[in-house]
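Chemist: Below are the chains, spelled out letter by letter.
There are 6 protein chains.
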Amino acid sequence: MSEDKHLTHLNADGYARMVSVTDKGDTHRVAIAGGFIRMQPETLDAIGRGEMKKGDVIGVAQVAGIMGAKRTSDVIPMCHPLMLTGVDLDFAMQSDGIEIIATVKTIGKTGVEMEALMAVSTAALTLYDMCKAIDKEMVIERIELLAKRGGKSGDYTKEGYRGKVVGESEGD
Amino acid sequence: MSEDKHLTHLNADGYARMVSVTDKGDTHRVAIAGGFIRMQPETLDAIGRGEMKKGDVIGVAQVAGIMGAKRTSDVIPMCHPLMLTGVDLDFAMQSDGIEIIATVKTIGKTGVEMEALMAVSTAALTLYDMCKAIDKEMVIERIELLAKRGGKSGDYTKEGYRGKVVGESEGD
Amino acid sequence: MSEDKHLTHLNADGYARMVSVTDKGDTHRVAIAGGFIRMQPETLDAIGRGEMKKGDVIGVAQVAGIMGAKRTSDVIPMCHPLMLTGVDLDFAMQSDGIEIIATVKTIGKTGVEMEALMAVSTAALTLYDMCKAIDKEMVIERIELLAKRGGKSGDYTKEGYRGKVVGESEGD
Amino acid sequence: MSEDKHLTHLNADGYARMVSVTDKGDTHRVAIAGGFIRMQPETLDAIGRGEMKKGDVIGVAQVAGIMGAKRTSDVIPMCHPLMLTGVDLDFAMQSDGIEIIATVKTIGKTGVEMEALMAVSTAALTLYDMCKAIDKEMVIERIELLAKRGGKSGDYTKEGYRGKVVGESEGD
Amino acid sequence: MSEDKHLTHLNADGYARMVSVTDKGDTHRVAIAGGFIRMQPETLDAIGRGEMKKGDVIGVAQVAGIMGAKRTSDVIPMCHPLMLTGVDLDFAMQSDGIEIIATVKTIGKTGVEMEALMAVSTAALTLYDMCKAIDKEMVIERIELLAKRGGKSGDYTKEGYRGKVVGESEGD
Amino acid sequence: MSEDKHLTHLNADGYARMVSVTDKGDTHRVAIAGGFIRMQPETLDAIGRGEMKKGDVIGVAQVAGIMGAKRTSDVIPMCHPLMLTGVDLDFAMQSDGIEIIATVKTIGKTGVEMEALMAVSTAALTLYDMCKAIDKEMVIERIELLAKRGGKSGDYTKEGYRGKVVGESEGD
Numbered sequence: 003m004s005e006d007k008h009l010t011h012l013n014a015d016g017y018a019r020m021v022s023v024t025d026k027g028d029t030h031r032v033a034i035a036g037g038f039i040r041m042q043p044e045t046l047d048a049i050g051r052g053e054m055k056k057g058d059v060i061g062v063a064q065v066a067g068i069m070g071a072k073r074t075s076d077v078i079p080m081c082h083p084l085m086l087t088g089v090d091l092d093f094a095m096q097s098d099g100i101e102i103i104a105t106v107k108t109i110g111k112t113g114v115e116m117e118a119l120m121a122v123s124t125a126a127l128t129l130y131d132m133c134k135a136i137d138k139e140m141v142i143e144r145i146e147l148l149a150k151r152g153g154k155s156g157d158y159t160k161e162g163y164r165g166k167v168v169g170e171s172e173g174d
Numbered sequence: 003m004s005e006d007k008h009l010t011h012l013n014a015d016g017y018a019r020m021v022s023v024t025d026k027g028d029t030h031r032v033a034i035a036g037g038f039i040r041m042q043p044e045t046l047d048a049i050g051r052g053e054m055k056k057g058d059v060i061g062v063a064q065v066a067g068i069m070g071a072k073r074t075s076d077v078i079p080m081c082h083p084l085m086l087t088g089v090d091l092d093f094a095m096q097s098d099g100i101e102i103i104a105t106v107k108t109i110g111k112t113g114v115e116m117e118a119l120m121a122v123s124t125a126a127l128t129l130y131d132m133c134k135a136i137d138k139e140m141v142i143e144r145i146e147l148l149a150k151r152g153g154k155s156g157d158y159t160k161e162g163y164r165g166k167v168v169g170e171s172e173g174d
Numbered sequence: 003m004s005e006d007k008h009l010t011h012l013n014a015d016g017y018a019r020m021v022s023v024t025d026k027g028d029t030h031r032v033a034i035a036g037g038f039i040r041m042q043p044e045t046l047d048a049i050g051r052g053e054m055k056k057g058d059v060i061g062v063a064q065v066a067g068i069m070g071a072k073r074t075s076d077v078i079p080m081c082h083p084l085m086l087t088g089v090d091l092d093f094a095m096q097s098d099g100i101e102i103i104a105t106v107k108t109i110g111k112t113g114v115e116m117e118a119l120m121a122v123s124t125a126a127l128t129l130y131d132m133c134k135a136i137d138k139e140m141v142i143e144r145i146e147l148l149a150k151r152g153g154k155s156g157d158y159t160k161e162g163y164r165g166k167v168v169g170e171s172e173g174d
Numbered sequence: 003m004s005e006d007k008h009l010t011h012l013n014a015d016g017y018a019r020m021v022s023v024t025d026k027g028d029t030h031r032v033a034i035a036g037g038f039i040r041m042q043p044e045t046l047d048a049i050g051r052g053e054m055k056k057g058d059v060i061g062v063a064q065v066a067g068i069m070g071a072k073r074t075s076d077v078i079p080m081c082h083p084l085m086l087t088g089v090d091l092d093f094a095m096q097s098d099g100i101e102i103i104a105t106v107k108t109i110g111k112t113g114v115e116m117e118a119l120m121a122v123s124t125a126a127l128t129l130y131d132m133c134k135a136i137d138k139e140m141v142i143e144r145i146e147l148l149a150k151r152g153g154k155s156g157d158y159t160k161e162g163y164r165g166k167v168v169g170e171s172e173g174d
Numbered sequence: 003m004s005e006d007k008h009l010t011h012l013n014a015d016g017y018a019r020m021v022s023v024t025d026k027g028d029t030h031r032v033a034i035a036g037g038f039i040r041m042q043p044e045t046l047d048a049i050g051r052g053e054m055k056k057g058d059v060i061g062v063a064q065v066a067g068i069m070g071a072k073r074t075s076d077v078i079p080m081c082h083p084l085m086l087t088g089v090d091l092d093f094a095m096q097s098d099g100i101e102i103i104a105t106v107k108t109i110g111k112t113g114v115e116m117e118a119l120m121a122v123s124t125a126a127l128t129l130y131d132m133c134k135a136i137d138k139e140m141v142i143e144r145i146e147l148l149a150k151r152g153g154k155s156g157d158y159t160k161e162g163y164r165g166k167v168v169g170e171s172e173g174d
Numbered sequence: 003m004s005e006d007k008h009l010t011h012l013n014a015d016g017y018a019r020m021v022s023v024t025d026k027g028d029t030h031r032v033a034i035a036g037g038f039i040r041m042q043p044e045t046l047d048a049i050g051r052g053e054m055k056k057g058d059v060i061g062v063a064q065v066a067g068i069m070g071a072k073r074t075s076d077v078i079p080m081c082h083p084l085m086l087t088g089v090d091l092d093f094a095m096q097s098d099g100i101e102i103i104a105t106v107k108t109i110g111k112t113g114v115e116m117e118a119l120m121a122v123s124t125a126a127l128t129l130y131d132m133c134k135a136i137d138k139e140m141v142i143e144r145i146e147l148l149a150k151r152g153g154k155s156g157d158y159t160k161e162g163y164r165g166k167v168v169g170e171s172e173g174d
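For the protein sequence lines, the chains are A, B, C, D, E and F, in the order given.
Its first residue numbered 3, the first sequence is counted upward by one per residue in our numbering.
Its first residue numbered 3, the second sequence is counted upward by one per residue in our numbering.
Its first residue numbered 3, the third sequence is counted upward by one per residue in our numbering.
Its first residue numbered 3, the fourth sequence is counted upward by one per residue in our numbering.
Its first residue numbered 3, the fifth sequence is counted upward by one per residue in our numbering.
Its first residue numbered 3, the sixth sequence is counted upward by one per residue in our numbering.
You may find that some hints are simply not true.
Put simply, identical chains are the same to the list, so a pair is met inside one copy or across any two.
[To be verified] Straight-line alpha carbon distances no greater than 16 Å define the calculated EDC-like cross-link-like pairs of lysine to aspartate or glutamate that follow:
no., residue 1, residue 2
1, K134, D157
2, K138, D157
3, K154, E139
The set of hints was computed from the structure by calculation and includes no laboratory data.
Could you build the full structure based on these sequences and the hints that come with them?
Modeler: Here you go:
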């Protein structure tokens with residue numbers, strides 16, 4: 003990181019602004035974010051039992067994550083409004099919690115990192131909310147950007163992340 | 003945890019519902035949640051330099067956290083709407099990141115754990131957003147409930163949490 | 003209906019107002035609303051196939067209906083904001099479509115008819131949205147109030163409605 | 003309908019997703035939706051009397067319908083956000099109720115059927131809300147798509163619908 | 003104003019907080035705010051011509067003002083959420099513009115000054131929006147609190163304000 | 003102003019509509035709006051003292067103004083949704099109050115006058131809210147458009163306005 007790195011969200015007076023992206027081009031953007039919610043084994047069991055029925059806890063978190071992604075610019079002050087063109091989440095149950103991965107796409111002037119992080123965060127909070135009556139020790143951990151594609155600053159893949167970056171050529 | 007613990011947010015068909023709290027009394031509620039955003043030292047330096055001016059990154063995260071707490075029932079599907087009576091956040095800069103603590107209060111039929119967690123989460127995402135141009139390795143960690151007071155299920159303090167639980171007698 | 007019935011939502015100038023309920027007492031309120039979405043048999047089959055998997059179309063409509071109920075005063079201009087204390091929906095698949103029933107509760111100064119109708123309407127639109135790629139002939143029908151309890155204007159049950167009105171003594 | 007029709011809103015795990023439209027082109031889109039609210043003659047009379055004054059019940063429903071169309075992607079979980087370029091509603095008073103027609107336009111990657119249906123639905127609920135003090139037997143009926151133009155899946159006109167599809171060449 | 007007056011919205015670190023009102027009692031609250039939008043005579047004429055028809059510019063501003071009052075705690079960062087029990091607006095056309103008065107009521111722990119000011123401000127902006135195609139010289143002026151009733155800090159009436167303060171005994 | 007000037011927001015029936023801009027081209031748009039909040043000297047002093055600390059009243063108003071600009075089409079009924087590409091505010095403390103200037107940019111089919119006015123209005127209301135405990139005589143004044151660039155109706159600069167119109171060539 004060079005010494006003259008500065009926070010572009012601050013204007014000349016030191017106040018926050020929504021950075022102008024007026025002159026940036028519209029390009030394909032994909033961002034993938036991940037997170038984890040640590041739970042007690044009994045809580046994971048209760049969630050698993052729910053899945054046998056028609057609806058389930060993870061289904062609600064999925065919907066919440068998608069809707070959360072769409073609310074990003076409402077909730078995060080300096081985020082530009084964006085017309086998201088696709089959002090999906092993936093949940094992997096593990097022995098000590100649930101891993102959450104969100105993929106968000108758009109064609110626009112700014113990236114969708116925040117939208118992917120917001121999707122993960124909202125899904126994790128929703129899982130927390132639905133399980134908190136039986137587990138007060140849950141912890142939401144390692145919410146982070148895993149990969150991004152598109153934009154002037156170039157592609158990025160977190161060291162160690164081996165997931166497929168869902169491209170635009172998948173025909174969906 | 004007893005064997006017959008179940009997720010009260012699922013109805014008899016296994017679908018989600020907003021649990022009825024109609025017959026619960028209105029009591030004083032306080033919840034304190036914490037979280038941490040890991041950052042590179044250069045990023046923390048840049049935030050510190052910002053503080054010398056009139057506005058700053060942490061000030062924006064503070065506002066976002068308060069507004070986020072108020073949006074909880076909009077964003078988290080099964081959360082009951084609540085009239086929050088007080089919200090405050092505290093940020094502590096450390097050598098490897100920023101610790102965030104949120105305190106939320108209400109008088110109502112349900113607790114404000116989710117509102118406090120939402121405040122922390124929104125503040126962390128806002129810090130992420132404002133610093134992401136200079137640091138792509140940030141990670142949001144250990145979002146968790148630290149303490150709660152009020153309600154039928156009783157008081158709770160996370161093991162190891164030594165913070166003061168802001169009571170109602172403080173005269174504010 | 004007496005001749006001098008008038009629309010209380012209009013003020014003396016003929017403009018709309020949010021009617022003052024300042025002096026009304028807080029009472030237990032329940033409202034049950036119903037609706038129906040007519041679909042082609044193939045569409046109902048496709049929804050049924052989805053139910054075999056972990057998530058499903060009806061699960062999404064359930065979440066949407068609950069969140070929709072909470073947005074009522076945001077979307078319907080003259081509705082008073084209310085702190086809903088419970089929301090649930092029930093979906094019954096029939097040979098020519100899906101019947102939707104929503105139950106909403108609060109303790110407050112106004113009834114929750116609009117919240118129950120909004121829950122049904124939002125759930126029906128969500129089913130429509132998720133099925134419209136395979137069925138353009140769907141019709142949303144007979145959105146109506148089935149029953150209400152509480153409030154000065156007294157109880158109401160639609161002629162012919164035989165459903166149980168979920169009371170406050172059910173222990174939830 | 004061919005046998006392999008499937009619900010594109012479900013991902014490979016059976017969970018809902020916001021379908022990716024990233025690679026679809028931006029085209030002119032128009033959708034027209036209709037609906038009906040059945041009312042008692044006395045209620046229709048009361049609405050008619052209101053129209054003699056400066057404001058009126060239908061004027062409020064008109065505003066609510068337009069604002070509702072703009073909230074579609076906030077309220078319907080899998081709807082893509084869209085920048086609507088035009089919204090209008092038309093109300094026709096009949097002997098047994100009020101017919102509502104909404105026309106919505108955009109230039110975008112997905113159609114505006116849901117926005118038109120949401121406009122009709124919100125307008126109908128608003129009429130219901132403003133009249134419910136004098137009429138508890140109202141029913142909202144036949145909310146349906148009447149016509150759409152634009153998009154890969156081609157044009158659609160409901161059988162029997164004879165209304166003009168408002169084109170882009172009207173000079174507005 | 004005494005010397006030790008301080009801004010209660012700032013916490014000990016100088017950051018903003020939502021002031022705790024947890025221990026304040028619920029009392030009847032009324033606030034009346036006013037404002038003015040200066041317009042060219044031709045613009046006022048065009049609005050007047052609109053009133054001859056069924057809908058009108060002022061009717062839309064009325065709806066916007068009521069809905070704006072309900073959004074206050076969403077938009078103004080430190081405002082507490084409140085369950086408004088009544089909102090009405092009054093518009094008086096004058097030779098050089100339109101005067102707007104809003105009255106807002108609740109029973110709660112904080113006053114509704116901001117809600118009344120937000121109603122006036124939203125109504126004024128809506129008038130501006132609907133007239134800006136024919137008048138670019140409009141100015142929104144003197145948005146101010148005219149009177150308030152209820153709360154620990156006591157009643158307030160702006161010097162020179164002679165309007166009736168709508169009480170709770172009016173039977174609405 | 004010619005005699006046949008009419009309010010384009012009214013449809014043929016005299017009801018409001020969201021004017022169709024479907025066929026307008028996407029062009030660079032900038033709007034600058036201003037406003038003023040009159041305060042007592044002691045209130046200005048209290049704000050100034052706050053600025054010595056890390057957060058401050060003006061910093062909160064800045065965030066509120068930016069977020070308010072993004073909510074414009076949610077709050078102002080006939081406003082088209084727009085993807086804002088940049089928002090900034092400037093506050094100048096004077097002896098009798100605070101002057102607020104907001105600059106909003108987009109590339110789109112309609113101008114951003116309303117978004118700039120909404121930013122100013124929201125910032126002014128936020129200042130009012132944070133200071134109302136110590137000053138009940140504040141007045142929000144002269145909210146107006148100062149300049150606009152782009153769009154078919156051409157550029158506009160308020161007579162007497164000498165501020166720089168922030169162009170797209172500034173490299174931000």
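Chemist: It remains to establish, for every hint, whether it holds in the given structure.
Modeler: Against the structure, the hints come out as follows:
no. : hint        : result
1   : K134 / D157 : between (38 Å within a copy, 14 Å between copies)
2   : K138 / D157 : between (39 Å within a copy, 11 Å between copies)
3   : K154 / E139 : neither (42 Å within a copy, 18 Å between copies)
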